[in-house]
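Please model the entire structure based on the sequences and the hints provided.
Residue numbers (my numbering), protein chains in the order written: chain L, 1074 to 1185; chain X, 407 to 522.
It is worth saying that the hints were derived from the structure and are not from the lab. The structure displayed is predicted, hence computed values, not measured ones. All C-beta atoms in this analysis are idealised placements derived from N, C-alpha and C, irrespective of residue type, glycine included. No false leads were slipped in.
Calculated pairs, DSSO-like style, for lysine-lysine (alpha carbon to alpha carbon, straight line, at most 27 angstroms): (1) L/Lys-1177 x X/Lys-463; (2) X/Lys-463 x L/Lys-1172; (3) X/Lys-417 x L/Lys-1177; (4) L/Lys-1172 x L/Lys-1127; (5) X/Lys-421 x X/Lys-463; (6) X/Lys-463 x X/Lys-417; (7) L/Lys-1141 x L/Lys-1172; (8) X/Lys-463 x L/Lys-1078; (9) L/Lys-1177 x L/Lys-1144; (10) X/Lys-423 x X/Lys-463; (11) L/Lys-1129 x L/Lys-1078; (12) L/Lys-1172 x L/Lys-1144.
Beyond 12 angstroms from chain X on every Cβ pair, some chain L residues (computed): (13) Gly-1089; (14) Ser-1142; (15) His-1145; (16) Ser-1147; (17) Val-1151; (18) Gln-1154; (19) Ser-1158; (20) Pro-1185.
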Amino acid sequence: DQQVKQNSPSLSVQEGRISILNCDYTNSMFDYFLWYKKYPAEGPTFLISISSIKDKNEDGRFTVFLNKSAKHLSLHIVPSQPGDSAVYFCAASYGSNYKLTFGKGTLLTVNP
Amino acid sequence: GAGVSQSPSNKVTEKGKDVELRCDPISGHTALYWYRQRLGQGLEFLIYFQGNSAPDKSGLPSDRFSAERTGESVSTLTIQRTQQEDSAVYLCASSLGGTRGGYGYTFGSGTRLTVV
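Rendered as structure tokens:
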């Protein structure tokens, strides 16, 4: 039973345009959500997070939106750059539980 | 060290052999986690260490898998009698404390294990 779902295995966008990566979750206990970026042969690196008490968090070109009623979050990258090409993982946790539950990832390709 | 270090970076082993994967966490990080990523899948939790004790081993897939940690330092994940389904990237992460999942995590680059 996959509790965090990233239904798009891949996404291709043009440099300078907006990239929107989506994530759905089923466990209503999740209250902390993170996006990680992963380059080949490297570990995931933290990108941005959001607590369930917020509906938006912004950091530079990256914004995460959370819709609790729909159990949906999205990551917006504006403007997209070729260096953003990587696999993006959505992850979630709850309370003081240390476990992270990950989606399968979305491969983003930003074309020059 | 500056980051989480894992070794080896790649390991090819024959089915039935035992393997040991090593993780050196960031100095001072008391919490250490092992995850694995099989092809086309997300990361799956394996085990969590707080100091050198493992309060949660629930993610270990079978009794062929074991892990230990020396003090608040190096951890070793051992897989006995490897099977082809064990092929995956094994990732280690550490954090200052085992609190909210993901908060302050730093991941290593992983060990890619291939069982042939």
